[in-house]
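Asker: Each chain, written out:
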Amino acid sequence: MKSLILSTAARLLMPLMLLFSIFVFTRGHNAPGGGFIGGLVAASAVSLYVVAYNVAAARRLLIMQPHTAIAVGLLIAAGSGILALLRGKPLMTGLWLNPNAAGGSAGIGTPLLFDIGVFLVVFGVTVLIVFTLAED
Amino acid sequence: MLLVNLLLALVWATLTGNMSVKNLGLGFLLGYVVLFISRNALGTRLYSIRVYRAVAFLFFFMWELLVANLRVALDVISPGTRLRPALLAIPLDATTNAEITTLANLITLTPGTMTLDVSTDKRVLYIHDMHVRDPDGARRHIKLLERKLLEVLR
Amino acid sequence: MLVVAVLSGFALAIAAPWLVRLTRGVTGWILALLPFTLALYFSSVVPQIAAGETIGVSYPWVPSLGVNLSLLLDGLSLLFVLLITGIGSVVLVFSGGYLRGHPQLGSFYAYILMFMASMLGLVLADDVLTMFVFWELTSISSYLLIGFKHQEQASRTAALQALLVTSMGGLSLLAGALLLTQVGGAGRISELVHRAAAVHADPLYLPILLLIVGGAFTKSAQFPFQFWLPSAMQAPTPVSAYLHSATMVKAGVYLLARLSPVLGGTDTWFYLLGTVGAITMLMGAYLSLRHTDLKLILAYSTVSVLGLLTMLLGLGTDEAIRAAVTYLLAHALYKGALFLAAGTVDHEAGTRDVSMLRGLRRAMPLTAAAAGIAALSMAGLPPFAGFLGKELLYEAALHTEFRTIWTGAAVLASVFLVAAALIAGVRPFFGRVMEAKQKVHEGPVSLWIGPLLLAILGATVGLLGGVAGQNLLSPAASAIGNRPLQVEGALFHGFTFTLGLSALTLVAGVALFAKGRAVTWLGHLTSSLEQFGPQRGYFKLIDGLNSLARRQTLIFQSGYLRFYVLATMAATLGLVAYPLFASVGVRWPVSFAGLRLYELGLAVLILVAAFGAVQARSMLASVTALGAVGFSVALVFVLFGAPDVAMTQFSVETLIVILFVLVVHRLPHYSVSSSRAVKIRDAVLCTSLGALMTILVLAAAAVPLDPVVSRYYASNSVPGGHGHNIVNVILVDFRALDTLGEITVLAVAAVGVYALLRLRLSAKEEPE
Amino acid sequence: MTEVLVAIFLVIGALFMLLGAVGVARMPDLFTRMQATSKASTLGIAAILGAVALHFGDSLAVTSRAFAVIAFVFLTTPVATQMIARAAHFINVPLWNTKINELAGQYDPVTHELHSFKPPTPTEATPTNMASVREEK
Amino acid sequence: MERLLVLPILIPFLTAVTSLLAWRWRWLQRVLGLIGAVALLLASMGLLESVRLYGIQVVQMGSWPAPFGITFVADLFGAMMVLVAGIIGLAVTVYSLVSMDAQRESFGYYPLLNLLLMGVCGAFLTGDIFNLYVWFEVMLIASFVLLVLGGERAQMEGGIKYVTLNLLSSALFLAAVGILYGLTGSLNMADLARRLPGLPSQGLVTASAMLFFVAFGIKSAVFPLFFWLPASYHTPPVAVSAIFSGLLTKVGVYAMIRVFTLMFVQDVGYTHSLILVISGITMLVGVLGAVAQNEFRRILSFHIISQIGYMTMGLGLFTPLALAGSIFYIVHHIIVKTNLFLVSGVARRVCGTYELKHLGGLYRSEPALAVLFLIPAFSLAGVPPLSGFFAKLILLKAGLETKQYAIVAVALVVGLLTLFSMAKIWNEAFWKAQPHGEPGADKELVHEPENLSPLNKGLYFAPILWLAAITVAIGLRAELFFDLASQAGQQLANPDIYIRAVLGGR
Amino acid sequence: MESTLAFVIGGLYAAGLYLMMRRSIIKLIIGLVLLGHAANLLIFTLGQLTRGAPPLVPPGTTAPTGDFANPLPQALILTAIVIGFGVQAFALVLVQRAVQSVGTDDLDQMKSTDR
Amino acid sequence: MNEAVGSLTIVVGKAVMIILGLAMFLAVVRLLRGPNLPDRVVALDLISILAIGIIGAYTILANEPVYLDAAIIVALLSFLATVGFAHFLEIMTFRKRAKHD
Ligand code: NA
Ligand code: NA
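Chains as they are written, first to last, in my numbering: chain V, 151 to 286; chain D, 104 to 257; chain Y, 42 to 809; chain X, 544 to 680; chain R, 305 to 810; chain W, 704 to 818; chain S, 49 to 149.
Any given hint might turn out to be false.
[What the hints assert, rightly or not] Only pairs whose alpha carbons sit at most 27 Å apart, straight line, appear in this in silico DSS-like list of lysine-lysine:
#1 Y/K190 with R/K728
#2 R/K761 with Y/K581
#3 R/K661 with W/K814
#4 W/K814 with R/K728
[Unchecked claim] If you anchor each label on the Cβ, the simulated ranges turn out as follows:
#5 V/I213 with R/L759: 36 to 44 Å
#6 Y/D308 with R/K707: 21 to 29 Å
#7 Y/S714 with W/P762: 55 to 63 Å
Source of the hints: derived by calculation from the structure; they are not laboratory data.
Backbone N, C-alpha and C define an ideal beta-carbon position, used for all residues, glycine too.
Whole structure, please, built from the sequences with the hints as guidance.
Answerer: As structure tokens, then:
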């Protein structure tokens with residue numbers, strides 16, 4: 151049932167898609183993109199693998215199983231907001247390592263952390279749905 | 104492995120449009136991660152592809168594509184008259200998955216022909232050809248393409 | 042102390058089930074200590090009240106709503122309180138014997154104590170809403186007691202009937218009470234009394250009167266609500282004696298008496314209460330002769346007396362009020378005794394059918410004595426209390442407008458009641474000894490002591506009428522009349538016209554009894570037909586209600602999802618379109634200025650693709666069309682400066698298509714389709730709604746929005762949010778909480794998909 | 544100069560894509576339609592994104608991304624085409640005027656494995672009739 | 305203060321996420337669920353207390369000032385609703401510990417329950433109309449999954465209707481938000497309240513108000529938008545029914561009251577009169593629906609609709625007293641209705657069915673349950689001195705004061721019919737002896753009756769007792785609750801208080 | 704373009720609702736997806752349309768120069784799209800399970816829980 | 049529009065948009081007409097390719113390179129959609145056949 155052409159192409163396409171997903175994700179705060187699209191593209195890469203091979207093979211690729219990715223993502227997203235709470239500020243207040251830097255180069259901040267959470271959740275959710283449906 | 108990783112770093116740098124050492128380093132790192140993630144996906148054979156030759160071949164091929172497209176244009180405008188579609192089996196000399204896949208893609212991109220599938224034992228390629236007057240002639244044409252490609256790849 | 046009196050009953054009710062377990066056979070005696078003690082206490086304040094004083098307490102409950110736990114002890118409530126506690130003691134003792142060994146005895150005591158406490162609260166309440174609270178509690182406890190033999194269908198039906206009828210009245214009373222407090226400006230009856238004139242003058246007087254009287258009539262089984270009371274005889278006899286004769290059914294009468302200073306004295310009051318009372322009196326008296334069941338005879342005679350009391354309150358003259366309080370006391374005593382005696386008879390002889398009961402005098406001398414004395418009182422024979430009451434009744438009837446009517450009715454009813462008294466209280470004990478299935482003998486002391494005490498008390502009241510009149514009845518009458526009224530309670534006033542009427546009544550009654558066999562048999566034949574005028578109405582109403590409910594549910598809850606969607610859409614259309622078109626000044630300018638051809642093309646494309654999704658005949662074809670719609674919509678986002686949205690739309694669209702394919706490829710084909718007419722109807726409705734949305738958008742687009750919020754985002758995105766993509770900064774910073782919710786939705790959806798596909802409950806392990 | 548080149552590339556690309564679309568609309572059967580789209584559209588993409596690369600020629604980031612798109616489309620379109628063709632075979636999509644069919648009967652109807660070509664025997668030539676899978680009834 | 309205001313969403317969220325991480329350890333999820341429920345209750349109590357002491361509480365998420373950032377606001381109404389959610393959350397969690405089957409538990413029941421609570425609390429606290437939409441969706445999707453978790457056929461069929469109609473509602477809600485945004489450029493509800501009166505075309509505002517009405521009307525199941533409720537509420541496990549019955553429709557009512565007191569008060573003559581009429585019809589249709597049913601949970605489900613009518617009646621009357629009545633009624637209803645569902649679950653456990661025809665004998669076999677049924681049942685019917693009586697009393701009083709006699713009459717009649725169907729359940733399930741048919745022939749009897757161990761019994765009865773005690777307490781200490789409700793009603797009737805708390809003196 | 708999109712929105716609503724009133728369960732979901740598009744376009748249109756100027760702050764500056772598209776509706780739509788994605792995915796699987804357990808896609812045969 | 053874009057580009061760009069729109073229309077016609085599912089899938093694939101083209105042209109027209117990312121997304125994902133479609137079409141027949149045998 152496997153298509154040779156597809157599975158061969160998938161080996162090349164998947165890393166490219168993953169790379170693009172990271173690219174889109176990291177640019178997100180300053181250009182179109184972000185956690186959601188990044189997560190979706192990454193999940194699409196895994197989905198392509200599911201189509202080209204099967205779920206079991208795709209599952210072996212993952213460092214983190216989708217369930218865990220969802221929970222960890224949620225935790226990171228909420229945690230980035232709670233950090234502010236612990237610092238006595240309202241929930242979701244952005245905290246930056248270098249808040250006074252000019253023009254968008256403030257370095258790492260909790261909103262970026264938040265976006266990582268979004269990435270993980272979206273990735274986990276999409277992969278989980280695709281896996282479950284494809285295995286059914 | 105190292106080669107592919109470097110290649111990915113380069114792709115990263117071009118994507119981000121920043122060729123600085125720092126960005127290349129980041130690209131290398133990311134490439135490493137990506138490769139780690141897809142470690143099972145990449146069989147060993149992929150590494151043997153000489154990427155630059157493939158790229159060169161691709162540019163050559165694009166030219167042929169452009170020229171021969173006119174023929175398709177004619178077909179599209181008057182489909183009924185000149186079409187002699189046929190489904191043909193082409194015995195393969197290409198052996199590796201990468202070779203077969205590349206050949207299959209090229210056949211599809213070549214006007215008038217289109218890959219349908221590869222037999223499970225990888226010995227026959229099935230194609231669709233729109234202008235078959237002589238099946239063996241058509242087969243020969245494809246074999247020519249295959250030979251050229253294998254020259255590049257091997 | 043008043044509060045303690047009320048609350049102690051509730052407390053003891055909660056404790057009763059445990060007490061039964063602890064004290065087994067003598068629980069009744071122990072529990073009776075409470076009402077007995079209370080009776081003693083209330084007796085001790087009789088002189089105080091007789092002197093015209095009142096005892097009042099008020100605790101705030103929900104003062105903001107005007108609901109206060111205000112209790113007031115005056116002459117009228119004292120009379121009732123003594124009846125409730127006194128008869129309550131007797132009934133508790135009786136119940137211990139009557140229901141000896143019954144497995145549910147604990148809850149029986151609980152209910153009856155709860156009832157007693159509620160009834161005390163009712164008659165002590167000075168606040169109309171407080172009174173309502175206790176009023177409802179009496180209905181509830183009555184319900185639980187009528188259904189005491191809960192495994193019998195008849196008991197359950199009767200209980201429900203009583204509950205519904207009295208609760209209906211209760212709600213009527215509630216509405217009336219609320220209006221009354223609103224109109225009268227006070228919730229306390231003792232204050233409302235002073236505002237009677239204002240209440241009478243208010244346009245809401247008639248509704249208030251009707252609502253409150255409605256409550257009273259249902260509770261006191263007045264025509265046409267009398268039917269629940271005979272059904273309620275399904276309850277154990279002590280309950281019938283206590284609730285459905287001596288106390289609860291008098292709550293309606295009490296209410297009328299209590300509020301007569303506020304609402305009484307008008308023509309409406311006079312005619313309404315007088316007429317209904319008289320009809321009830323006659324009907325009850327007549328029907329009491331049509332039955333052979335001892336309890337039913339007594340029940341109908343109770344109905345009759347309740348009508349009589351209502352009539353008297355309606356007449357409202359000094360004589361009438363005097364008569365009312367006297368008759369009330371007399372009736373409570375003799376009817377309580379008769380009911381309990383009937384219970385003893387039933388308990389010992391195994392039947393309540395008066396056509397079979399004979400000659401029990403030998404076997405049950407004490408019970409016979411109690412019943413006999415009570416019956417004579419009921420028949421109005423001197424020197425018993427009943428005689429006093431009847432005398433005063435005739436007196437009142439003779440001294441009121443339309444006196445022939447009142448007097449005639451009173452005499453006629455009394456004649457019937459004499460006969461009924463003899464049938465129920467005398468005949469079973471005399472004559473040949475009946476053949477019984479079981480050996481008949483006198484019951485234990487708990488069974489006979491109660492009726493005997495009550496009967497003797499009735500005789501005593503008659504003999505010592507002056508004392509009772511002075512201390513109990515006069516204060517009560519004064520409270521009703523809101524003016525000093527003396528009840529003398531003398532047995533003999535000389536050979537007056539009323540005495541003549543009394544004699545005539547007795548003679549006629551005895552004659553009726555003697556010929557009673559015929560009457561009884563006639564009653565036997567027709568009882569099933571005649572009894573159920575309103576009764577049938579009730580059942581018809583319930584049936585009608587059920588069928589209306591079923592039909593309505595079939596229509597609204599049809600199960601057709603498309604009907605639900607249709608109804609929802611129709612509602613939306615109507616509700617939204619009306620204000621939009623009805624109000625002036627809403628414009629929806631259509632302008633195609635500056636439109637580019639490719640934009641128009643894209644718009645057409647979306648619509649064509651959507652139409653394709655509608656028309657597609659296979660699921661996957663719809664899915665491809667859907668994909669086309671999604672891609673075109675994404676292009677709109679591209680054209681108007683929304684790359685983030687476009688990218689998201691493209692990827693989501695793709696994934697949705699993939700999911701559709703993943704799912705649809707295992708589904709069957711479209712198997713069904715609606716008829717053409719249905720399709721046209723739906724299309725028309727949907728097009729209208731679409732047009733409505735178009736108009737809304739056009740109209741809203743014509744109103745320029747204030748860009749201040751967006752400008753704030755633009756100017757704070759880099760300095761505050763440290764990002765150049767404003768949309769992304771909104772998502773992860775300005776409105777990050779939305780995004781948090783959004784990923785939560787995603788996470789739940791994934792868990793849902795996972796659970797839906799993986800969790801297949803095995804047949805064994807059903808959900809709890 | 545660049546502007547003119549951009550314009551030319553744009554027009555060529557657009558025309559190729561239109562050609563592909565006309566092909567899809569007009570060609571007689573699925574395979575010939577796929578022939579039309581797979582070529583015309585890839586070439587069209589190449590031309591249009593080439594124009595993009597030219598237009599933003601001084602920005603390496605943009606140019607490289609434009610080429611990335613071209614490369615990706617060239618990489619993926621044939622694969623996608625092949626997948627559709629394969630599926631179409633199992634659905635038994637009718638072929639227009641196709642005299643020579645060496646693929647017929649080569650798919651194992653149960654395992655979907657594809658045999659190497661051997662001349663069809665009469666029994667094997669029976670098409671795997673999947674009428675029920677075809678959508679329109 | 306700022307922490308208190310966000311705890312009601314953070315606690316359930318963190319509980320859910322940690323439970324997700326503990327996916328494989330069911331016992332740990334149970335423990336976490338219990339801890340989370342207790343914590344939520346404590347936090348909600350603290351929140352109400354601080355609102356009571358210090359007035360309306362406001363937090364600007366991300367420190368972005370209103371109307372630019374998302375505002376969380378707790379006025380008395382909101383805080384009371386959160387408290388009730390906490391109460392119900394704890395009751396249902398404890399009940400679930402014993403009633404929920406192991407399979408559902410290991411497929412994410414506790415995380416889902418907590419995310420539902422998160423959505424509910426978020427909806428009660430947010431001061432931003434789009435954020436409200438988001439919380440609605442969180443609540444909705446969690447409820448979808450809870451409803452169909454287990455995948456039985458009835459769950460599927462009910463679930464389809466529930467999902468479809470609620471998504472329709474969401475679509476309308478979203479459109480309404482879009483229109484409102486297009487008219488004003490703002491999403492902050494206080495800001496909207498300030499801007500809307502100044503718009504040139506009030507007809508458009510009213511039209512979008514009606515879109516909101518339909519959207520929230522579907523969620524709160526008013527006539528003629530209630531169909532999803534009776535189709536689905538009786539299909540999931542009883543603990544799920546219980547929490548749905550308590551909280552879901554009330555979020556719709558809450559939102560309706562919120563927008564129709566804060567934002568849409570321009571054309572009260574049309575909007576609120578309409579709400580009043582619809583309330584009356586809703587009461588009647590709902591209670592008649594209940595009369596037609598013969599299954600414990602279906603009866604209860606239809607009563608929800610009927611009682612939604614009472615809640616919106618207060619909004620329709622639109623006086624401070626009436627609003628207080630609505631609030632009082634909502635709080636009362638949530639506690640009582642949840643409790644009745646919990647009771648029905650025990651009845652099912654003991655008798656093996658929800659069908660009245662096959663139920664019976666509970667009066668003898670479970671006397672404690674009988675008492676614990678009567679309390680909420682009579683409270684539901686408005687029998688004094690329980691909570692339902694005062695709830696109804698306030699509404700009646702408000703109705704009479706505004707001379708809306710028709711609605712008062714309807715409310716009274718519906719009260720009687722409610723009593724009727726509660727008595728029906730009592731008659732059939734408790735008083736009647738349990739019928740002994742041939743066991744195999746009973747299709748409804750899908751579950752073998754069983755005896756409960758003392759521990760299980762305790763876990764079953766503890767939440768029922770807890771809720772019953774609250775019902776009684778509300779009745780006996782009605783002044784306290786009415787005082788709260790009327791203060792909350794005052795706040796609703798004077799939106800300026802809210803607006804000033806959010807936007808400051810501007 | 705606002706007027707044009709207004710008609711598109713109306714058309715999408717009409718099509719979506721029409722599909723939701725059909726008997727086939729899968730059309731229900733397709734209808735829901737169309738409704739989602741309609742709502743998103745509605746927000747987009749009413750947030751005012753600006754051609755070709757994404758709300759990005761050019762590098763090196765702190766605020767966008769000149770005309771730029773309104774970012775807030777875009778953020779709202781993004782949220783709505785993602786929520787819609789989750790909900791639709793779930794609904795889709797629900798439909799699949801419903802069809803499997805009832806054995807048909809005919810909604811008219813899924814009414815056992817109403818009566 | 050942006051002053052950095054010459055008038056020729058604008059004219060050509062708009063014309064190209066219209067041509068591509070026309071192409072899109074043809075693709076949608078095929079999508080709606082079928083007659084078989086693979087025909088529709090091919091049409092959908094063409095639509096996404098056309099979308100890439102439109103985005104590319106618009107990138108020039110609006111002189112806004114950020115749209116290119118959208119084009120990459122479409123290229124990556126539409127491929128997945130087509131492949132997925134084809135794959136599950138095949139599975140569908142596979143299952144049916146397996147059931148028959
Ligand atoms: Na922030
Ligand atoms: Na606008």
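Asker: Please go over all the hints and tell whether each is borne out by the structure.
Answerer: Consistency of the hints with the structure:
no., hint, in the structure
1, Y/K190 with R/K728, "holds (16 Å)"
2, R/K761 with Y/K581, "violated (42 Å)"
3, R/K661 with W/K814, "holds (21 Å)"
4, W/K814 with R/K728, "holds (25 Å)"
5, V/I213 with R/L759: 36 to 44 Å, "holds (43 Å)"
6, Y/D308 with R/K707: 21 to 29 Å, "holds (26 Å)"
7, Y/S714 with W/P762: 55 to 63 Å, "holds (57 Å)"
When each numbered hint is compared with the structure, a violation occurs for hint 2 only.
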